[in-house]
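Protein chains: 4
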Amino acid sequence: MTLPAPLTGVVPPVCTPLTPEGEVDVPSLLGLVDHLVTGGVDALFVLGSSSEAAHLTDSQRRLVVRTVVAHVAGRLPVLAGAIDMTTPRVLDHVAYVVEAGADAVVVTAPFYTRTHPAEIARHYRLVAGRSPVPVIAYDIPVSVHTKLSAELVLELAADGTLAGLKDSSGDLAGFRAVVTGARARAGITGFSALTGSELVVDSALALGADGAVPGLANVDPEGYVRLDRLCRAGDWDAARAEQERLCALYGMTGVGDRARMGASSSGLGAFKAALYLRGVIACPATAQPQVPLSEGEVERVGKHLAAAGLL
Amino acid sequence: MTLPAPLTGVVPPVCTPLTPEGEVDVPSLLGLVDHLVTGGVDALFVLGSSSEAAHLTDSQRRLVVRTVVAHVAGRLPVLAGAIDMTTPRVLDHVAYVVEAGADAVVVTAPFYTRTHPAEIARHYRLVAGRSPVPVIAYDIPVSVHTKLSAELVLELAADGTLAGLKDSSGDLAGFRAVVTGARARAGITGFSALTGSELVVDSALALGADGAVPGLANVDPEGYVRLDRLCRAGDWDAARAEQERLCALYGMTGVGDRARMGASSSGLGAFKAALYLRGVIACPATAQPQVPLSEGEVERVGKHLAAAGLL
Amino acid sequence: MTLPAPLTGVVPPVCTPLTPEGEVDVPSLLGLVDHLVTGGVDALFVLGSSSEAAHLTDSQRRLVVRTVVAHVAGRLPVLAGAIDMTTPRVLDHVAYVVEAGADAVVVTAPFYTRTHPAEIARHYRLVAGRSPVPVIAYDIPVSVHTKLSAELVLELAADGTLAGLKDSSGDLAGFRAVVTGARARAGITGFSALTGSELVVDSALALGADGAVPGLANVDPEGYVRLDRLCRAGDWDAARAEQERLCALYGMTGVGDRARMGASSSGLGAFKAALYLRGVIACPATAQPQVPLSEGEVERVGKHLAAAGLL
Amino acid sequence: MTLPAPLTGVVPPVCTPLTPEGEVDVPSLLGLVDHLVTGGVDALFVLGSSSEAAHLTDSQRRLVVRTVVAHVAGRLPVLAGAIDMTTPRVLDHVAYVVEAGADAVVVTAPFYTRTHPAEIARHYRLVAGRSPVPVIAYDIPVSVHTKLSAELVLELAADGTLAGLKDSSGDLAGFRAVVTGARARAGITGFSALTGSELVVDSALALGADGAVPGLANVDPEGYVRLDRLCRAGDWDAARAEQERLCALYGMTGVGDRARMGASSSGLGAFKAALYLRGVIACPATAQPQVPLSEGEVERVGKHLAAAGLL
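Going line by line, the protein sequences match chains A, B, C and D. Numbering follows the UniProt record's numbering, in which position 166 of the first sequence is assigned residue number 166; successive positions increment by one, without gaps. Numbering follows the UniProt record's numbering, in which position 147 of the second sequence is assigned residue number 147; successive positions increment by one, without gaps. Numbering follows the UniProt record's numbering, in which position 289 of the third sequence is assigned residue number 289; successive positions increment by one, without gaps. Numbering follows the UniProt record's numbering, in which position 90 of the fourth sequence is assigned residue number 90; successive positions increment by one, without gaps.
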């Protein structure tokens, strides 16, 4: 299907359920997609950071995008990450996710290599020049260790390179510069500014964001859809209350003992534990080399779910 | 062939010559290998950072390792990088480089994902558990944004996970802790501590390093071999003079205008320009999205070569 | 006067006008205070980062706080920064700003030294134990290179150490955790959560902030007061429009050529140029070693003022 | 006295003994100076990072420099840190340490403020223009969060601004560029390149450093003097053995539990505990807000001393 321009609403970065052996658990993935579609989300984003794209092999990535695209069957747009270090490698991912039916690709700045704004611009132009589907920039400094400036994003929006931005930088002021710039600048139409935050979706929508890509929407899609609708209706007090409920729920990402594991193990482990406890997926395993949550940590995830009325 | 334990001497991270279209230039790659073997190096390291591994597609990586292994034909050990974000993806690279005949694999800490020392240890143990050839840790914080502590490296050396370390961290004091620790600690034998620096190889060898993996050795293998031999002979004054000559030559990596390009474009661009000017490779192109050196910048590379007596 | 609990509204970090020789320009400082008071602000914050506290000698700092306190004469609360590296040095600053009549002190985490959350907590407890006036934490990672966690701030609020937070971290999600935590947690009353951002004041107030400390309010106090009042009235559309006007005005901080100067020279230089162009201060000089704006750069500040209707 | 040009040899950054109440313990300071002078060191550096300059009030700083200068009475040069955020504040420190008799001042790049190479150059030129004694640059990125480039240091050496460099950056390759550049470049004479490392003094001297400023020399001045003399004699094998003994001794800086304290508390705490255990100072207290070592941690310092033959 053609990507809406702009893409709006709630676009969960879909978790990738795994078997205890580390293979993609296809039935659970289908169940998760159903859970999200039923929850009312507006599009799906596979192979993002919350999908553990960094941990999936190429054949697993292919399987995920094929499985989800086939199952969704055009009911919703499906965006796919093409997460890799530089242009030639990203283009390989673009090729197969597009072949598998993705409606857009989501691409970060180069990483591992020591890069430069001029090279980042070149990277996006080269990718867009070869991609049959729209390209959405993924600004995620915590992973790639460079920040996309608003100026660069707007330049690439104005010349048609970028169809949107997923901003996971945590820098709301910079995001606002993109949102207002995309509105004001000649030549930009249909650009979609999406926040990657779980915690300030109401703020982002209030300042003009088109939508949100919250990892926590895997766990509570209805909550984020409700939040989105309240914001669109201008009911800011109710929106704030819903956002605060979701912020409390997000506390689950801190259950993992940081002396024993990193933020990814704790956060993605909590999302998967929550999906498991809610009966959506069959196994809470995360990909290697992440450290699994302990039994006690999973119990604490359950308490977060219960407190949010989700168990 | 079996990797020497410890591996010692000069191990250039082999540049990957490309055609103007961005394909691997196999004849130039063969010429470069001949240039290095003739120069007297002790082993070859393909698919490292100086090889633009981050920019090569998987099929290009396969082609490189197959080409080099076949051409070297057992005369020297060939180490191959398996550079990717996490364990499952690294294991895919390990599989094909080993199948192609690599004698060891070189593996970084996880990147892109937010990692943790416990996860890094797990990563190396999982990779080593599945790798038919020795695993060498690659400490390169500028790329992966975490530093391998000496304590962690020594723990993984003592339990047989790691056969060596390539230290590109620039932290000579930390490297020294590995070198002296590997000598002192029970259970560590044959461990190879290699510096990734171009500029303090004499210092590293003086404090007990087994060898060096200098990118600049692509341009002047004889120089680094000479330096290595002088250090082993304890002729520190002559070693220092040779090292200083190589430091001046290394100045070529700064020719690129940093308002126009990043450190990788400038540094790798200079190495390739030098190889081109010396007649070793047919085309100085670097991989996308790196920015090419200008004509004037290439001329300045030539002046560095001339000053070092290499043109 | 007693600091309101919580302190609310617009609290400009007052610029420090200097003579061409680098001395405090007292008449201009008085004029600036009048400009701010007339503009309707709710309190004044002297000796903050926008005041160039890092550049003022101790005698200049003393002069500033005495001058402003005497001139305000109890009409508004006056907060004073006690910006220094560690506890003993901070306590020296606390002593004289309190003696000079400051109603509260604003204190960062330790810097220069390599610190730790336990030491930061200890620092604030020691300072609060010796300060006769309330202590407000100043979270400014760009300067001190550590971030105050919401958990730490709330712990120090709950035990009475901290009376408020000025959050210049740019991390709105973390700020929200303080705001909602301060509301929810037993034992916290009268705590003032202030955003240090110029660009998302509306967002911060919408999620429950008590006020804002925007450097740009030096230039346009009426604008920020209007924004604050619109937010308190729940007129979010008008607030957003006002905020966007101020965001455009903030563009002035980028006029300085970054090949020639740093962000501080450019940003504080622009604020002072704007105050000079508006006739509030007599000289736009910034403190050494900052680089002055060029004539052309000052002209561009003027264009920003004109576009915002301020010239 | 006039600073030797170049200053060479072992220059300990003198710890500042404190009473349990946090005041400068003058008798212990005198004892420490005697311990160092007797140990054969070549100069003293007071008010550096190892001196807890960041924790001392201005009156304590004054007391330290006066005390040490008077006690040394011209037997050795005394360098004094003038550690503060920007030019005007640094100049205040320069004034009193020079008045107290310091033979040179040691000055970092600006910190807390967001700086720029052009501003750093300006800073040093302004300080040198007003300092009656030579200015030595202090490159300590871990504290000031910028790195002095070799190019900048050499430019400031060539125009007479800088008399030397204390390099605590850990970047030996960058330090080498200063050492060789200072030798080669026209107009530079008498420039002193000093390494701030404890762990690679032999490497630094081998590549041409003039001397070292090792914090650990407080604990074992004889060891560093011996190391320096062995290096100057070209006895590199014995030098390496001595350096390795000192590296093992340096392990004491890691005794502090990092869940409870930062690197400064642990490292400076260990130095002071060692001086206390060796009977040089009366009390091992560090300045606030640093966390004291536990009894068990102090015992482990003692084991390091015993293993190094110092107890």
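Misleading hints may appear alongside valid ones.
The list that follows gives simulated cross-link-like pairs (lysine to aspartate or glutamate, EDC-like), each with its CA atoms no further than 20 Å apart [unchecked claim]:
id, chain 1, residue 1, chain 2, residue 2
1, C, K147, A, E23
2, C, K303, C, E244
3, D, K303, D, E244
4, A, K147, C, D171
5, D, K303, D, E222
6, D, K303, D, D237
7, A, K303, A, E222
8, D, K147, B, D58
9, D, K147, D, D171
10, B, K303, B, D237
11, B, K147, D, E222
12, A, K303, A, D257
Bear in mind the hints are in silico, worked out from the structure with no lab data behind them.
Hint check:
no.	hint	result
1	C:K147 <-> A:E23	violated, 38 Å
2	C:K303 <-> C:E244	holds, 17 Å
3	D:K303 <-> D:E244	holds, 17 Å
4	A:K147 <-> C:D171	holds, 15 Å
5	D:K303 <-> D:E222	holds, 19 Å
6	D:K303 <-> D:D237	violated, 26 Å
7	A:K303 <-> A:E222	holds, 19 Å
8	D:K147 <-> B:D58	violated, 37 Å
9	D:K147 <-> D:D171	holds, 10 Å
10	B:K303 <-> B:D237	violated, 26 Å
11	B:K147 <-> D:E222	violated, 33 Å
12	A:K303 <-> A:D257	holds, 16 Å
The structure does not agree with the numbered hints 1, 6, 8, 10 and 11 stated previously, though it agrees with the rest.
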